[in-house]
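Undergrad: Chains as they are written, first to last, in this note's numbering: chain A, 1 to 374; chain B, 1 to 374.
Source of the hints: derived by calculation from the structure; they are not laboratory data.
Watch out, some of these pointers could steer you wrong.
All copies of an identical chain are treated as equivalent in the list; a pair is satisfied when it fits inside any one copy or across any two copies.
As the list claims (entries may be wrong) - Straight-line alpha carbon distances no greater than 16 Å define the calculated EDC-like cross-link-like pairs of lysine to aspartate or glutamate that follow:
hint : residue 1 : residue 2
1    : Lys25     : Glu10
2    : Lys76     : Asp215
3    : Lys185    : Glu211
4    : Lys147    : Glu286
5    : Lys205    : Glu115
6    : Lys270    : Glu182
7    : Lys4      : Glu106
8    : Lys368    : Glu10
9    : Lys151    : Glu69
10   : Lys368    : Asp329
11   : Lys75     : Asp354
12   : Lys149    : Glu54
13   : Lys38     : Glu54
Number of protein chains: 2
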Amino acid sequence: MFSKRLEFVEESGIRKMFNQVGELKDVIDLTLGQPDFKINDEIKAEACRAILNEKNRYTATNGILGLREMLYEKKKQEGWTIDLENLFVTSGTSGAIFLSFNTLLEQGDEVIITEPYYNEYKNLTYLCDAKPVFVNIYPEFTLTADKIKDKITSKTKLIVLNSPANPTGKIINKEEIIKIVELSKKHNIYVIVDLIYKDFLYIDKEIFPTEITEDYSNLIIIEGFSKTFSMTGWRLGYVVTNKNVIQQFTKIQQYTFLCAPSPFQYAGIKALEIGVNPNMSQEYMEKKNIVMELLSPYFQITDPEGAFYCFPKMPIGSASEFAKFCATDGGIMIVPGTAFSQYDTNFRLSFATDNINLINGCKRLIRKITAFQK
Amino acid sequence: MFSKRLEFVEESGIRKMFNQVGELKDVIDLTLGQPDFKINDEIKAEACRAILNEKNRYTATNGILGLREMLYEKKKQEGWTIDLENLFVTSGTSGAIFLSFNTLLEQGDEVIITEPYYNEYKNLTYLCDAKPVFVNIYPEFTLTADKIKDKITSKTKLIVLNSPANPTGKIINKEEIIKIVELSKKHNIYVIVDLIYKDFLYIDKEIFPTEITEDYSNLIIIEGFSKTFSMTGWRLGYVVTNKNVIQQFTKIQQYTFLCAPSPFQYAGIKALEIGVNPNMSQEYMEKKNIVMELLSPYFQITDPEGAFYCFPKMPIGSASEFAKFCATDGGIMIVPGTAFSQYDTNFRLSFATDNINLINGCKRLIRKITAFQK
Chain A
1 MFSKRLEFVE ESGIRKMFNQ VGELKDVIDL TLGQPDFKIN DEIKAEACRA ILNEKNRYTA
61 TNGILGLREM LYEKKKQEGW TIDLENLFVT SGTSGAIFLS FNTLLEQGDE VIITEPYYNE
121 YKNLTYLCDA KPVFVNIYPE FTLTADKIKD KITSKTKLIV LNSPANPTGK IINKEEIIKI
181 VELSKKHNIY VIVDLIYKDF LYIDKEIFPT EITEDYSNLI IIEGFSKTFS MTGWRLGYVV
241 TNKNVIQQFT KIQQYTFLCA PSPFQYAGIK ALEIGVNPNM SQEYMEKKNI VMELLSPYFQ
301 ITDPEGAFYC FPKMPIGSAS EFAKFCATDG GIMIVPGTAF SQYDTNFRLS FATDNINLIN
361 GCKRLIRKIT AFQK
Chain B
1 MFSKRLEFVE ESGIRKMFNQ VGELKDVIDL TLGQPDFKIN DEIKAEACRA ILNEKNRYTA
61 TNGILGLREM LYEKKKQEGW TIDLENLFVT SGTSGAIFLS FNTLLEQGDE VIITEPYYNE
121 YKNLTYLCDA KPVFVNIYPE FTLTADKIKD KITSKTKLIV LNSPANPTGK IINKEEIIKI
181 VELSKKHNIY VIVDLIYKDF LYIDKEIFPT EITEDYSNLI IIEGFSKTFS MTGWRLGYVV
241 TNKNVIQQFT KIQQYTFLCA PSPFQYAGIK ALEIGVNPNM SQEYMEKKNI VMELLSPYFQ
301 ITDPEGAFYC FPKMPIGSAS EFAKFCATDG GIMIVPGTAF SQYDTNFRLS FATDNINLIN
361 GCKRLIRKIT AFQK
C-alpha cells in the first residue's frame, strides 16, 4: 500500500535511542546530537521580540532579506565569492539536505557517501529513489579524492562531504575537498559540503577551501544555526549554491517547508551579530579530552578533530549488543555503529553534555565494557 | 542535470504574486493566504515563555506529549474516535500533506484532485512522481462522490478533499465525504481530508462527519494552527490517521523536518486551551459580505461557505491578463485562476484583510474591470 521507496528507509538508529531515553531511570544519555549549552540570552530575547512584534507570518520562500544580507556580509568577510542570490534560508540543515537531494536525484542515480555516514544521507537517498554508494573509510576515517574516484560511475549524480564529520569527528583535508570538487566537475557531478559542525574545532587549521566558491556550478554548501548556537528545535539553516539550484529549491520549498520559522529568522540575524561563542571550541575540546583520556585505555578511538562525537571501536563483540547491554536502568545510552554503517564494530558517543555527566558516563561505560567482555 | 520530476513542478502562482507585492507602490494586496488578525497575546507570551524556559531543542519526532494529549482531549470532545497514537504533529499542514504524499505515492500512481485545486496538491503529486487526475467542479464547485467515482482507475492511490476549499470557499457535503470514504475503502484508496480552513465558517452546519473516524484504515485527516490562530510563520499542524501511516511519517520526518519548531509546540497547547476566537467567523463573514455586495454586480461569484477566499468569474477575457492589468502602482493584487486550474476564467480574491482595505480593494477592482473591458 505504501510507496516501495519506504521499504529502504529505516527508522533512525539515533532517534530510536533518543526516544528510549525517557523510559529508563537514572540513565546517562550520550546519544545527543545537540550541544549542552543554552542559547545566548540576547538571541532568545530577539526571538521573543520578533514574536511580540508580529513577525509571525510567512516570509519570502528564500528567507527574510535581513538574514540573507547578514549571511552575505559574513561570507564575504570569510573570503567567499558570493552574491546575495546564492543564498537560501532553510528549515535546518536537514531541510537543506532534503531540498538538495530532491532537486538532484531521480530513480537510478547514485550518491557517493562516506561510510560511516550520517544516516540521513543514506535514507534521503532512498527516499529520492536513488542508490547510495559507500566509500568505506574505516578504520582511520580519512577521506581522499582517490577513494571517491574509484566509486564514480556514469550514474553518479552527487557526492556528499561532511566535515567535521558525524560520527567520527574527522576533518576532510582542504586540498582533498578541492580535488573532489574538480574531479566532480569533470564528471558533471554535484558536491554537497555539509559544514554543520564547522564551529566545533579541535585542530588549528582552516577546514574550508574558500577558493572553491569562485565557481558554484556543481557546488552546494550547507551550514546551520542549530549546533553552533544550540538551537536545534528552531529549525534554521542555509545553503550557498548556484542560482539554478536555488530556483529549484524555491519551487520545492513552496510546497513543503514554505519558509523557515519566521521569528527565528529574525533571531538568526542577532545570532550572526553576536557570533560564535569564542570559548565554545575550547570548552568542547576539554570534553573531548576527558573522553579520550578516560576511554583510550579501553577502546581504540580516532581523536576527533571537530564536531562533538567520537566513534570508539569495540575491543571485541558487537557494538549493537553492547549498546543494548548499556541501556538499562542506571546505565548509559550510546548509538551503535550500525546506525551509521553496515559494520557493527564501533559506537558513537556524544560528548555534548556537562563535564560531570560526561565523566560519570565514561566511568559507567568502562564498568559496562569490563562486564560485557566477561 | 536536475531531477526530471521538477520539470512538472511549477513555481506557485500564489507565491509569485506574493513576492511581487513588495516591489509595487500603494498596492492593495488581496492575494494573502493568511488571516489579517494578530496572534492572541497569551499565545505569544507562551511561545516566549517556552523560549526563555529552554524549550529550544529537538522534540520527539511526533511532537511533544503535552500537545498530543491536548489534541487528543479536544478531538474526543468533538466526538472523534481516537487514540493518542493516531496523532502526529507536523510542520504546518504543508508538512502534513508532504508526509502523506511521500508515504503513499510512487511512480505511476494517480491522485484525484478537484479542480480548481490548491496548487500544492498538484505540485506535490508531481514531486512524488505520481500523476494528478482532476475532477472538474466548475462552475458550481460542488463535489460529489459520483464525480469522484468516474475518475477512479486501478492506479488511483489517493483522493484529496479540502473543505472548506481553497480557492472557492465551498464546503463538501458531509454525506458526500462519507460516501467518498466508503467508495475509496472498496477500491483500496486513501482519502486525505484537509480541514485547514474549518474554523472559518459562514453556514450553520457541521462540516466534518466524525463517524468516519471509527475506521482510519484509509483516512488521513489534516488540520493546522496556521490559519485558525494566525500563526502561518510558526509552521505547526497535525495529522490524525492510522498507526501504520504514522510509522511511515516518523521515518520520513526524521530525515526532513525532524520536528515542528519546539517552542511553538508549547504555544500550541496554549492556543488549544484558549480555543478559537468565537467572533472570528462572524468578523470574516462581514468581510465576505462586503466582497459579495460590492463585486456581485460585476462578477459571477459563488458565495463562499467557509475559508477566506472567493473565486469570481471574469465577465469576459482572461483572468491572468486581468491580474496583470491590476498589478500596477496604485493597483490591486489578485491571483489568476491559472494558479488553481487549467482554466483562465476566474481569479482568487482573499478577504483576509481589514475592512477598509477590503472596501478600497473592491472599489479598485471595479474600476479595473471597467477599464479592462473597454
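Undergrad: All hints are to be evaluated individually against the structure, with a verdict given for each.
TA: Against the structure, the hints come out as follows:
1. Lys25 with Glu10: Classified as neither: same-chain Cα gap 27 Å, cross-chain 51 Å, threshold 16 Å.
2. Lys76 with Asp215: within (15 Å within a copy, 57 Å between copies)
3. Lys185 with Glu211: This pair counts as within: shortest intra-copy Cα distance 15 Å, inter-copy 58 Å.
4. Lys147 with Glu286: neither (33 Å within a copy, 67 Å between copies)
5. Lys205 with Glu115: This pair counts as neither: shortest intra-copy Cα distance 24 Å, inter-copy 58 Å.
6. Lys270 with Glu182: neither (36 Å within a copy, 53 Å between copies)
7. Lys4 with Glu106: both (14 Å within a copy, 7 Å between copies)
8. Lys368 with Glu10: Neither way: lysine 368 and glutamate 10 sit 28 Å apart in one copy and 56 Å across, limit 16 Å.
9. Lys151 with Glu69: Neither way: lysine 151 and glutamate 69 sit 39 Å apart in one copy and 49 Å across, limit 16 Å.
10. Lys368 with Asp329: within (12 Å within a copy, 72 Å between copies)
11. Lys75 with Asp354: Neither way: lysine 75 and aspartate 354 sit 32 Å apart in one copy and 41 Å across, limit 16 Å.
12. Lys149 with Glu54: For lysine 149 and glutamate 54, neither the intra-copy (51 Å) nor the inter-copy (45 Å) Cα distance is at most 16 Å.
13. Lys38 with Glu54: between (25 Å within a copy, 7 Å between copies)
Comparing the model with each earlier hint shows violations of hints 1, 4, 5, 6, 8, 9, 11, 12; every other hint is respected.
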